[in-house]
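Order-wise, the sequence lines are chains A and B.
Per our numbering, the very first residue in the first sequence carries number 1; after that it's consecutive.
Per our numbering, the very first residue in the second sequence carries number 1; after that it's consecutive.
Careful: at least some of the hints might be erroneous.
The list cannot tell twin chains apart, which means a pair is met if one copy fits it or any two copies do.
To be verified - Below are the EDC-like pairs computed for lysine to aspartate or glutamate, each with C-alpha atoms no more than 16 Å apart in a straight line:
| id | residue 1 | residue 2 |
| --- | --- | --- |
| 1 | K155 | E188 |
| 2 | K265 | E558 |
| 3 | K265 | D303 |
| 4 | K155 | D264 |
| 5 | K394 | D579 |
In case anyone wonders, no lab produced these hints; they're calculated from the structure.
The model shown is predicted, which means the values in this text are computed figures rather than measured ones.
Number of protein chains: 2
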Amino acid sequence: MERKWTERHRLQALGRESADLLLKNCKLVNVLSGEIEDGIDIAIGGDRIVGVGHGYEAAHVIDCTGLYVHPGLIDAHIHLESTKMTVFHAAKRMSQSGTTAVITDPHEITNVAGLAGFMFQSECARLNRYIDVYFTAPSCVPTLNDLSVETPGAKLDSETLALLANMPSVVGLGEMMNVPGVLDGDAEVIEKIDRFLSVGKVVDGHAPGLSGHALNAYIASGISSDHESTVLEEAREKLRRGMYVMIREGTSEHNLEALLPLIDKNGRNISRLMFVSDDLDPRDMEGGHINRLLRRAVAAGVDPIMAIQMATSSPARYFGLDREIGAIAPGMLANIVVCQDLIDFNVHTVVFHGRVSSSRHLQQKENDLRLPYLPMTMNIALPALEDLRVPYCKGMQLRTIDLVEGQIVTRAGIVDPCVVGGYVEASPADDVAKICVFDRHRASGSVGIGFVRGFGLKRGAFGSTVAHDSHNLIVVGTDDESILTCADRIVAMGGGQAAIDGDSFVDMPLPIAGLMSDMDDVVETETTMAEFCKTALELKLKDPFAALSFLALPVIPEIRITDRGLFRIHPDGGPECVDILV
Amino acid sequence: MERKWTERHRLQALGRESADLLLKNCKLVNVLSGEIEDGIDIAIGGDRIVGVGHGYEAAHVIDCTGLYVHPGLIDAHIHLESTKMTVFHAAKRMSQSGTTAVITDPHEITNVAGLAGFMFQSECARLNRYIDVYFTAPSCVPTLNDLSVETPGAKLDSETLALLANMPSVVGLGEMMNVPGVLDGDAEVIEKIDRFLSVGKVVDGHAPGLSGHALNAYIASGISSDHESTVLEEAREKLRRGMYVMIREGTSEHNLEALLPLIDKNGRNISRLMFVSDDLDPRDMEGGHINRLLRRAVAAGVDPIMAIQMATSSPARYFGLDREIGAIAPGMLANIVVCQDLIDFNVHTVVFHGRVSSSRHLQQKENDLRLPYLPMTMNIALPALEDLRVPYCKGMQLRTIDLVEGQIVTRAGIVDPCVVGGYVEASPADDVAKICVFDRHRASGSVGIGFVRGFGLKRGAFGSTVAHDSHNLIVVGTDDESILTCADRIVAMGGGQAAIDGDSFVDMPLPIAGLMSDMDDVVETETTMAEFCKTALELKLKDPFAALSFLALPVIPEIRITDRGLFRIHPDGGPECVDILV
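Bound-form chain A, shown alone (with noise of 0.2 Å):
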């Protein structure tokens, strides 16, 4: 182990050496005493806090009289690729609301791209300068080990998962969501765990509603956290039964309110909660980050140094990083943020790894960096426009994907087809739309063919690369023309989303494994998108993408398409192949 505290930071603790930065007066929020000591200076030498209290100079000074000031905070659950952004660009964005670190599973990438996926994150990670990433090995991919059901994009099994847990970046395994398989102690389920806990490494879960008996033999297994409950009582129960418990505020999950009576008003289990965004859409990154999760669990009175405990020493103790972060010490790395106020947690000033990251030396210009190599993910054969055909038999009816808004579980609907010249075609009247999805994984030409209700499209097409878990391009038109134009423009881009009208159309490219842009105007091109959509394209959703990258995921019911096909999924177990006609 190489040796982060220096003799130099040595005789600046000491004060026998000026230190570098020296923030002067603050209003201490002490996580670790659990109280706010008021004039207190921190004097932090290279990337380290060198020395709290008194009697420290430094070369730089930042008077911070009548100022808060608190440890970076922690996002203790989230994927990344959620941003569309690269990490340089979520990094710096986040940072503006004064997250100084996040632990992210890259269950996405890594099921476009495999270990490839997961080394480019790694990398972007090493390269920002804006906040600290630490990893959790994605411990289910592909979703399912089923060739039948879909064409997955990678599989990492326990050996390689085992390579991935000796990494120092890498704190632990991510969400384990084969609940079945650990219930039944399946020996590839239970290695993977092992394969962590073996060197001191924690398991994160994901259980949503599992409670009893199957909560305790789930628990005994090693995996120690959740952040899938959705309710109260769910949640006390995994937090009384040993699970640290991860309160969800994100894009597709808002689990706060209802989580936050969960917290002692005695702080007796604060050191065992924390926050997480879990998804995080590019447009919700604008009014704040895990600040603004701080802002309202005060504004519903929970007391602020228990909200930023929660935010900052918690996940630091549980993820085994607190002697490098979580906290505001001699010996930790300098990520402070300074704020007005605990009410509105506004942010004046972050300090990262002791460097103010609004600062000039600190400007990185993310387009200029060099991403590290990620190989192409778009490998594609689009069938023919007749293969997209579906042949009427007589007397038969169509199923059909029916929507349930707000929600991402689906109904299977049976509706009268519209027949033209033989075949069956979308009905924008009845609001039933054709759906395929292609293999962009193994170029196999495989297509899966449906029809959905609910998108409220009128004409067109529009399609994504980002269709949960494997990814797969889905695309969902009017007609067979506009969805292979539609599908044609996203292969041209190397992946992303577009939606098209006749001539005109909007796309924003994704040519990070078909999830992720490189530029910075993501935000930007989504408001766009959504415009056109709604304008052009008359979809009634509110985000038509976020609804359609759930519809290929088979394993919630009732009802998916993939590019194997149509399947019903059965609350009790696996997806049943089924016929557009019945």
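With chain A fixed as given, assemble chain B onto it according to the hints.
Below, chain B alone, put in the same frame as chain A:
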């Protein structure tokens, strides 16, 4: 890593197989959620807790209606040698007080017997069936690495400590007493610290009175705890700057009342506080152990749940043991205490590794248990009678070691010597006794001679091989014959303590490194000896052997004696050899 969670455990957790033991209808003190859950069942399979909640069945059921159930208690820092008992005997007594785990620093036996001493305690710990014993590796053996000051029993360098750092039962580096070495960045000291940090283990501190810049530098070097605070402000500063504070209440130090106000009423620092006893005299083990501290803390107004957290989950997390002990949750070791109330904390039943401690299959015939091998540690060459004589030089005065009652510091005194036939003698009338320290490690015949004031010794002699930190043989007497006779007796016992008055005597054999007995009558013997010292020798000190045990420790002011002679100890630094006559 051999998996401790077996197939059978899994089936028992799921309720598919009957559990082995069921604690029914408990008032569960849940240290995880920070609350008391009423009417909870705890299912145990083998040595593990398999389920918490309801709906479990078991072969053996204990009805806990109306009873409180909390995790087994943890003493976060104790030198087990101070009990003068083998781990077997000490563990059995502690278990009866609800203690199921200790973190011990075998500082004494390692100073005497080196690695062999450490391994002896380690093996005894492994064989005992009453408590889990975890170790910190002694960081400062010997106290001073200077043969001209005293003859030590052993030396542990960073290389040897590195071996210990990798033992699973070793959770950290023991109290780092070499504060100057840490602050000066001494290479060997830093190496010792890094060896433990690099394998993810903690480094305990020992920094009485350390404050300000020096404290910052000490903490930043990687030292994360301290148990030496005696006043509130000292403990508060250490907590604020990043230390885990161990509140000590032992035989030699009583800091509980002074430090209780440190506990935040809102629990925001509970996870960073714990209880320790440090040193525990055999007679002090009668009135309980950590449960006695809980009783006093609660009586002083501390929330009982918080107090229990400080004695269970807090130390378990600090030492990285929280996957095994410190809470009642599925998958953890079944170390559980059933008690009548949260006021007296009197123990009703103790479950250790899934078995009721009082039950027969746990009964261990300690004296039948074959002790691990330990080399003979009395390697001594006693001088002849005439070698102890102190020739008088005309016109000179006598230097004395003056005891300060109730403290371990001494004062350097000057008296008119009592001269008989040209030799300086003890003079009981003036409370001046002769004191000798004999090297018992290397048979060098090295002996230090001096005079001590304050014992009130009227006749005879008393001596001990318990003499911090090198534990040479130390004897105090009114005449050389008694001193040598006493020394002879202790050598014959293979180490121990004795008091003689002419032909009558009492003694306690401590054949294990001259520190511990392998018998079960330590408490009784100690009482007998105290009585003899009081009546026969008319010693006025309550515990003369305790006072005696510190007189050879050449790091505490003002004056000490070792086998190399008399030393003045200057507060600012090292010991200076001085003459008896001035």
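Hints versus structure:
Only within a single protomer do K155 and E188 lie at most 16 Å apart by alpha-carbon distance; the minimum there is 13 Å, versus 47 Å between protomers. Within a single copy, K265 and E558 get their C-alpha atoms no closer than 41 Å, and across copies no closer than 50 Å, so neither meets the 16 Å cut-off. Taking the closest pair of Cα atoms, K265 and D303 come within 16 Å of each other both inside a single copy (8 Å) and across two copies (13 Å). Taking CA atoms no more than 16 Å apart as the test, K155 paired with D264 passes in neither setting, with 42 Å inside one copy and 49 Å between copies.
Taking the shortest alpha-carbon separations for K394 and D579, only the intra-copy value of 15 Å comes in at or below 16 Å, while the best inter-copy value is 119 Å.
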